[in-house]
Each structure stands twice: as C-alpha cells, then as structure tokens.
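> Model the full assembly from the supplied sequences, consistent with the hints where possible.
Protein chains in written order, with my numbering: chain R, 15 to 124; chain B, 73 to 170; chain V, 18 to 246.
Bear in mind the hints are in silico, worked out from the structure with no lab data behind them. We put the CB at the ideal spot given by N, CA and C, even for glycine. Please note that the accuracy of each hint is not assured.
As the list claims (entries may be wrong) - Pulled a few chain V residues facing chain B out of the computed Cβ check, cut under 7 Å: (1) Leu-140; (2) Arg-164; (3) Arg-167; (4) Glu-185; (5) Arg-187; (6) Val-188; (7) His-189; (8) Gln-193; (9) Met-202; (10) Glu-205.
Stated by the list, open to error - FRET-style restraints, in silico, Cβ to Cβ: (11) Glu-111/R - Ala-217/V: 33 to 39 Å; (12) Asp-84/R - Thr-146/B: 48 to 54 Å; (13) Arg-81/B - Glu-66/V: 45 to 51 Å; (14) Asp-116/R - Arg-75/B: 31 to 37 Å; (15) Arg-108/R - Val-104/V: 47 to 53 Å; (16) Ala-131/V - Pro-25/R: 55 to 61 Å; (17) Thr-207/V - Pro-111/B: 41 to 47 Å; (18) His-179/V - Thr-88/B: 38 to 44 Å; (19) Asp-116/R - Arg-231/V: 47 to 53 Å.
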Amino acid sequence: MSMSIDDQRYPVLMATLRRADPAPPEPDRTPAPWEANLQATCECLSWRGTLDTLERRHAEDTLGATTYADFPAHARAAVVTAHALLEQGEISERELETKMNDVRARFQQA
Amino acid sequence: MSRFEIGDRVTVREATTLFHHRTQAYTRGRTGVVVEHRPEWLIPEHEAWQLEDGRVEPFYVVRFHQRDLWPDYTGLELDTLETEVAEGWLDPAGEVTQ
Amino acid sequence: MSHDHDHAHHAPIEAADEVSEFDVLETAIRELAIEKGLFSREDHRRFTEWAERIGPHGGARMVARAWLDPEFKRRLLADGTETSKEVGINWLDPTGTGTPSDNTYFYVLENTPAVHNVIVCTLCSCYPRPVLGQAPEWYKTPHYRRRVVRWPREVLAEFGLHVPLDVEVRVHDSNQKSRFMVLPMRPEGTEGWTEDQLAAIVTRDTMIGVALPRAGWTGDRSPAATPRA
Chain R
15 MSMSIDDQRY PVLMATLRRA DPAPPEPDRT PAPWEANLQA TCECLSWRGT LDTLERRHAE
75 DTLGATTYAD FPAHARAAVV TAHALLEQGE ISERELETKM NDVRARFQQA
Chain B
73 MSRFEIGDRV TVREATTLFH HRTQAYTRGR TGVVVEHRPE WLIPEHEAWQ LEDGRVEPFY
133 VVRFHQRDLW PDYTGLELDT LETEVAEGWL DPAGEVTQ
Chain V
18 MSHDHDHAHH APIEAADEVS EFDVLETAIR ELAIEKGLFS REDHRRFTEW AERIGPHGGA
78 RMVARAWLDP EFKRRLLADG TETSKEVGIN WLDPTGTGTP SDNTYFYVLE NTPAVHNVIV
138 CTLCSCYPRP VLGQAPEWYK TPHYRRRVVR WPREVLAEFG LHVPLDVEVR VHDSNQKSRF
198 MVLPMRPEGT EGWTEDQLAA IVTRDTMIGV ALPRAGWTGD RSPAATPRA
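Encoded structure:
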C-alpha cells in the first residue's frame with residue numbers, strides 16, 4: 015500500500031515529550047517493558063498489512079531527524095508508529111487523546 | 073536464466089524510482105564483482121505493492137572495493153563491502169543503461 | 018494483556034513522567050489497533066512470547082559446534098538455513114506465524130586469517146533474530162548503520178576491535194531477504210573445551226562482527242563511544 019508520512023506535527027504526540035533536555039541515550043540501556051510491547055505491535059501492524067516495517071523504519075530515520083529530533087531514540091518507534099497511523103487515518107487525534115487519557119487514568123490507579 | 077556469472081564485473085544503475093526499493097544510494101553507479109548467486113525471489117518493489125504476480129528475478133551478491141564506493145575511504149585498499157542486488161538493477165560494467 | 022508498572026528505580030520525576038508517557042502511548046496504540054481489528058490480541062501475544070524466547074543461544078551453539086566438527090561447519094557454510102534446524106531453528110517459520118520480517122534465508126560468514134566480516138542493515142536494521150535474539154540498541158541507530166559501511170575500521174575500533182592491516186574488513190549490508198551471522202575464529206586457550214564451554218564465550222557481539230571471542234570472556238561489551246541517535 016502506498017503511504018507518505020509527511021512532516022506534520024500532532025499535538026497529542028509532541029506532548030509525550032515533557033522534558034526540555036532529553037538525556038543522551040546510554041550505550042546499553044535496558045529497554046523498558048513497553049518497548050517490547052511496541053515492537054510486537056509494529057510486527058503485527060506489518061504482518062497484518064497496516065504499516066510495513068521498512069516504511070516505518072524509513073520514517074523513524076527521517077522524522078527522527080526532524081519532527082521528533084528532540085525525542086529519545088528509543089521512543090521514536092512509538093511516536094512514529096502513532097504518527098503513521100494518524101497520517102493514514104487508521105486512528106484520529108481525538109481517539110488517540112481520549113484513549114491515552116483513559117490509559118493514563120488506569121495506570122495511576124495501579 | 074541468470075544474466076550474470078560469478079566473476080562478472082557489474083555496475084549498479086542510477087535509476088530513480090518511486091517504488092520501495094532496497095538498492096542503497098551509496099551503490100548507485102558503482103562497479104563491483106558478482107561473487108554469488110542467490111535464490112530467485114519476488115523483487116521487493118513488487119512485494120511492497122503486494123502484487124502476487126510480481127516477476128521472479130535473480131539476485132546476486134556483489135562485492136565492491138570500499139575505495140570504489142567512497143571517494144575518501146579512510147580504510148585499507150583490501151577492504152570490501154558485499155550486498156545483494158536484483159538483476160534488474162545491474163548492467164555489465166562498461167555498458168551502463170541510463 | 019498484563020502490564021507491569023513496577024518502575025523499580027526512582028528516577029527524577031521528569032524522567033519518570035517521560036517514560037510513563039511513552040508507556041501510555043504504546044498501550045493506547047495497541048488497544049486502539051486491536052479495537053479496530055488491525056491485529057488481534059492473540060497476534061500480539063505470540064510476538065511478545067517469541068521475543069522473550071529468543072536469544073543468542075542458537076548462534077553460539079552453531080559456532081561452538083562448527084569449531085569442533087568440520088562436517089557440521091561444512092554444512093553450516095554451505096546451507097545456513099537448512100543447518101539451523103540442527104539446533105532447532107526454522108528460518109522459514111521461526112515464530113510459528115511465518116511473518117514477513119523473518120521469513121528469510123540465512124548465511125554464515127566465516128572469519129579467516131585473511132578476512133574479518135561484520136554485518137549491518139543500513140536500510141532498516143534487519144538482524145538474524147532467530148539465531149541471535151533481539152538486536153542491541155546500538156545496532157539499530159543511524160550512528161552505527163551509516164558509519165560502519167563507510168568507516169568500518171574506525172567503528173570497530175570504538176568497540177575495542179583493531180583489525181590488522183593485512184586482514185580484509187568485509188562489511189555485509191543485509192538489504193534483501195538474507196540474514197547473516199559471523200562465524201568467528203576459535204580463540205587460543207580453548208584446547209580440549211566442550212561444546213558448552215565454547216558456546217559460553219561466543220557472544221552476540223562476536224557474531225555481529227564487532228568483537229572477537231576470548232577464553233574467559235562471556236559478556237558483551239558496550240561501545241567505547243556513546244552512540245548518538
């Protein structure tokens with residue numbers, strides 16, 4: 015499927031980076047559990063035909079140097095995957111914002 | 073039937089393409105040597121567009137001298153790089169298609 | 018799916034907020050995708066379970082066996098895809114799901130006194146996961162991918178590996194459906210060792226080609242230079 019990931023900024027995604035000065039990536043930082051979950055999500059999205067892995071990797075490189083340059087490297091797969099799904103119209107900004115509010119509230123209760 | 077034999081010198085085409093491709097920019101226009109044949113696969117361009125009837129195309133392992141890939145290569149003369157190239161991206165060295 | 022929220026170490030408040038926001042985002046993406054039928058919960062669980070199972074054990078076992086058994090080594094170099102089955106790895110169905118990113122061919126690259134091999138995927142960080150497990154973070158960065166093809170000796174030196182001047186450094190850019198693993202040379206001081214003992218010193222980094230195995234060393238080193246994103 016054809017998809018262009020253009021250089022648009024989505025407020026809901028830009029807001030996930032709260033720090034003004036992100037820490038430099040550590041050479042051997044241990045990935046957080048959510049990163050493994052995200053990798054599996056990316057595999058599933060590619061496997062089931064929504065978002066091809068090669069396209070997503072290209073987008074991580076290009077958007078990671080522009081829109082998400084201030085984001086830690088390990089977070090880029092997350093924001094770029096969300097960006098692509100928004101761009102493709104698979105999810106809407108409102109849906110994502112609502113869902114994140116819901117998830118955040120659940121996590122805070124845990 | 074494969075067009076190239078092991079030992080043939082080949083040049084990677086400069087062709088621009090809108091398709092998803094796996095022919096790296098740094099190999100375009102560069103000349104190397106075929107060192108292996110690969111099994112015939114659907115070419116990645118057709119895989120990306122999900123055409124079930126995509127052509128089946130021979131692939132080759134091409135070995136380049138690093139000094140031929142990078143004008144200012146800082147390593148040694150004997151250093152090399154190998155990568156896989158689809159037949160459609162290759163010309164015999166000296167017979168370049170524009 | 019169950020989710021562990023035990024952020025055990027107490028990082029600064031800002032760092033914890035940052036981490037949890039990406040955590041929130043990941044969960045939101047996954048739940049929305051499942052709700053919209055982009056994939057199933059079962060699909061996701063199969064991948065996370067597979068990711069937890071894999072590691073460099075298969076690769077290390079094949080290297081150790083190749084050091085001890087010339088016939089196995091011959092088979093491994095002639096047909097890596099088929100020979101991997103001897104250590105329980107099926108390249109054409111590694112996850113049991115036949116996913117596009119792993120349905121590939123496998124080639125083992127033999128280091129010799131004349132040639133040192135190192136692997137990379139400049140396009141997207143493809144990696145031989147069925148035999149090596151998950152790729153290390155540094156392998157996926159543009160900092161590694163762009164530099165190792167162009168300045169391989171410098172990048173290897175950052176890992177503490179200085180390749181002699183009479184040894185060819187051969188970089189393999191896995192841009193198609195092939196996946197690669199390096200078969201390093203057996204180090205000195207390992208005479209009489211069993212396959213298990215040898216496998217223990219074959220680390221992930223030695224099979225990528227950024228390190229050499231040594232008797233007595235079983236860890237993976239981090240690069241001397243901090244990789245930039």
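> Okay, which hints does this one fail, numbers in order?
2, 9, 10, 11, 12, 14 and 17
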